[in-house]
Amino acid sequence: MENKPKFNSKDFNFQTQDYSLEEKRELISDLRKIVRTFENSLEPKHILFIGNTGFTRSAAAENLFQNSDDYEARSAGLFPIHSDKKINTEKIRFAGKIIVMNEKQEKQKTQLLELFPEAEKKEILTLEIEDKYTRYDDELIEVLKKKLAEKGIDI
Numbered sequence: 011m012e013n014k015p016k017f018n019s020k021d022f023n024f025q026t027q028d029y030s031l032e033e034k035r036e037l038i039s040d041l042r043k044i045v046r047t048f049e050n051s052l053e054p055k056h057i058l059f060i061g062n063t064g065f066t067r068s069a070a071a072e073n074l075f076q077n078s079d080d081y082e083a084r085s086a087g088l089f090p091i092h093s094d095k096k097i098n099t100e101k102i103r104f105a106g107k108i109i110v111m112n113e114k115q116e117k118q119k120t121q122l123l124e125l126f127p128e129a130e131k132k133e134i135l136t137l138e139i140e141d142k143y144t145r146y147d148d149e150l151i152e153v154l155k156k157k158l159a160e161k162g163i164d165i
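Residue numbers 11 to 165, in this note's numbering, belong to the letters of the sequence shown in order.
One or more hints might be untrue.
In silico lysine-lysine, DSSO-like type, Cα no more than 30 Å apart, as pairs [said to hold, decoys possible]:
hint : residue 1 : residue 2
1    : LYS107    : LYS132
2    : LYS132    : LYS119
3    : LYS117    : LYS142
4    : LYS131    : LYS107
5    : LYS157    : LYS55
6    : LYS157    : LYS101
7    : LYS34     : LYS96
8    : LYS155    : LYS117
9    : LYS155    : LYS132
10   : LYS43     : LYS117
11   : LYS117    : LYS101
12   : LYS114    : LYS96
13   : LYS43     : LYS142
14   : LYS132    : LYS161
15   : LYS132    : LYS34
16   : LYS43     : LYS96
17   : LYS55     : LYS43
18   : LYS142    : LYS132
19   : LYS156    : LYS55
20   : LYS114    : LYS43
21   : LYS132    : LYS157
22   : LYS131    : LYS161
23   : LYS142    : LYS96
24   : LYS114    : LYS161
25   : LYS107    : LYS34
26   : LYS101    : LYS119
27   : LYS34     : LYS101
28   : LYS119    : LYS156
29   : LYS142    : LYS107
30   : LYS114    : LYS131
31   : LYS157    : LYS96
32   : LYS157    : LYS142
33   : LYS117    : LYS107
34   : LYS43     : LYS131
35   : LYS34     : LYS117
36   : LYS114    : LYS157
37   : LYS156    : LYS96
Here are the simulated distance ranges between beta carbons [as the list claims (entries may be wrong)]:
hint : residue 1 : residue 2 : range
38   : SER93     : GLY162    : 31 to 41 Å
39   : GLU128    : ARG46     : 16 to 26 Å
40   : THR99     : GLU152    : 30 to 40 Å
I should point out that these hints are in silico values taken from the structure, not numbers from a laboratory.
Bear in mind that the values here come from a model prediction, so they are computed numbers and not experimental data.
Cβ atoms here follow ideal geometry from the backbone N, Cα and C, with glycine treated the same way.
Please model the complete structure; the sequences and the hints are all you need to start from.
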């Protein structure tokens, strides 16, 4: 862990410094924002992976994060084989980021936004991974890792 400056509450003595009441309120507001940002950084980031069925590519991506302290991942399908993998409003709400497997050929982002317009408020990334793999295919795992790293998501 790199050395970061430590916060010392004694550095902030509002009674002895020449701050107006309005300046003190602004400082308190800024400090609250800093605390919220820090608290949010402690929470795992939520990723929702979406594929056609939620069973192959997106499920493989979810599995990559099963032991992650930084991310909590789920997967879903636009046209799932199993009902528990069906995309729904709750899964959209869960997601900080939504990652679709393929837009160019399968139009997954387009279909997602048609089904759930509220997803537009989320950050949506596309990996452009073709539907040609099996779930536990080593090549799929390597492609997922590479594409996620390109998007700034390290496993």
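Results of checking the hints against the structure:
1. For the proposed pair LYS107 and LYS132, the alpha carbon gap of about 6 Å is at most 30 Å, so the pair holds.
2. The suggested pairing of LYS132 with LYS119 holds, with an alpha-carbon distance near 12 Å, which does not exceed 30 Å.
3. Of the pairs offered as hints, the one joining LYS117 and LYS142 holds, with about 16 Å between alpha carbons and a cut-off of 30 Å not exceeded.
4. With a CA separation close to 10 Å, the supplied pair LYS131 and LYS107 stays within the 30 Å bound.
5. Proximity of LYS157 to LYS55 is assessed by CA-CA distance (about 18 Å); at most 30 Å being required, the pair is judged to hold.
6. Note on LYS157 and LYS101: the hinted pairing holds, with a Cα-Cα distance of about 22 Å set against a maximum of 30 Å.
7. Between the alpha carbons of LYS34 and LYS96 the distance comes to roughly 50 Å, so the proposed pair goes past 30 Å and is violated.
8. Pair hint LYS155 plus LYS117 holds up; C-alpha atoms about 22 Å apart against a cutoff of 30 Å.
9. About 22 Å separates the Cα atoms of LYS155 and LYS132, which keeps this hinted pair within 30 Å; it holds.
10. Restraint check: the Cα-Cα separation between LYS43 and LYS117 comes to about 38 Å, which exceeds 30 Å; the hinted pair is violated.
11. Our distance criterion of 30 Å between C-alpha atoms is met by LYS117 and LYS101, whose separation comes to about 19 Å.
12. Taking the CA atoms of LYS114 and LYS96, the gap is near 22 Å; set against the 30 Å cutoff, the hint holds.
13. At most 30 Å may separate the alpha-carbon atoms for a hinted pair to count; LYS43 and LYS142 exceed this at roughly 45 Å.
14. Between the alpha carbons of LYS132 and LYS161 the distance comes to roughly 15 Å, so the proposed pair stays at or under 30 Å and holds.
15. Between LYS132 and LYS34, the direct Cα distance comes to roughly 35 Å. Violation of the 30 Å bound is thereby established for this hinted pair.
16. For a cut-off of 30 Å, the pair hint linking LYS43 to LYS96 is broken: about 36 Å separates their Cα positions.
17. Restraint check: the Cα-Cα separation between LYS55 and LYS43 comes to about 18 Å, which is no more than 30 Å; the hinted pair holds.
18. With a CA separation close to 27 Å, the supplied pair LYS142 and LYS132 stays within the 30 Å bound.
19. For the hint pairing LYS156 with LYS55, the CA-to-CA distance comes to about 19 Å; that is within 30 Å, so the pair holds.
20. Between LYS114 and LYS43, the direct Cα distance comes to roughly 39 Å. Violation of the 30 Å bound is thereby established for this hinted pair.
21. Proximity of LYS132 to LYS157 is assessed by CA-CA distance (about 19 Å); at most 30 Å being required, the pair is judged to hold.
22. This hinted pair checks out: LYS131 and LYS161 have alpha carbons roughly 19 Å apart, not beyond 30 Å.
23. Between LYS142 and LYS96 the CA atoms are separated by roughly 21 Å; this keeps the pair inside 30 Å, and the hint holds.
24. In summary, the hint linking LYS114 to LYS161 is supported, as the alpha carbons are separated by about 17 Å, within the 30 Å threshold.
25. Annotation: proposed proximity of LYS107 to LYS34 is violated, straight-line Cα distance about 36 Å (limit 30 Å).
26. Note on LYS101 and LYS119: the hinted pairing holds, with a Cα-Cα distance of about 15 Å set against a maximum of 30 Å.
27. The suggested pairing of LYS34 with LYS101 is violated, with an alpha-carbon distance near 41 Å, which exceeds 30 Å.
28. Only pairs whose Cα atoms come within 30 Å are accepted, and LYS119 paired with LYS156 is accepted, the gap being roughly 20 Å.
29. Between the alpha carbons of LYS142 and LYS107 the distance comes to roughly 24 Å, so the proposed pair stays at or under 30 Å and holds.
30. Distance restraint check for LYS114 and LYS131: the Cα-Cα separation of roughly 21 Å lies within the 30 Å cut-off, and the hinted pair is therefore satisfied.
31. Restraint check: the Cα-Cα separation between LYS157 and LYS96 comes to about 24 Å, which is no more than 30 Å; the hinted pair holds.
32. For the proposed pair LYS157 and LYS142, the alpha carbon gap of about 16 Å is at most 30 Å, so the pair holds.
33. Simply put, LYS117 and LYS107 have alpha-carbon atoms about 18 Å apart, close enough for the 30 Å limit, and the pair holds.
34. The hinted pair formed by LYS43 and LYS131 meets the criterion: a straight-line CA distance of about 22 Å does not exceed 30 Å.
35. Taking the CA atoms of LYS34 and LYS117, the gap is near 51 Å; set against the 30 Å cutoff, the hint is violated.
36. Distance hint between LYS114 and LYS157 is fulfilled; the C-alpha atoms sit about 15 Å from each other, no more than 30 Å.
37. Taking the CA atoms of LYS156 and LYS96, the gap is near 26 Å; set against the 30 Å cutoff, the hint holds.
38. A beta carbon spacing of about 33 Å between SER93 and GLY162 agrees with the range 31 to 41 Å that was offered as a hint.
39. Between GLU128 and ARG46 the beta carbon distance is about 23 Å. The supplied range of 16 to 26 Å therefore holds.
40. As the Cβ distance of THR99 to GLU152 is approximately 33 Å, the hint placing it in 30 to 40 Å holds.
Taken one by one, the earlier hints fail for this structure at numbers 7, 10, 13, 15, 16, 20, 25, 27 and 35, listed in ascending order.
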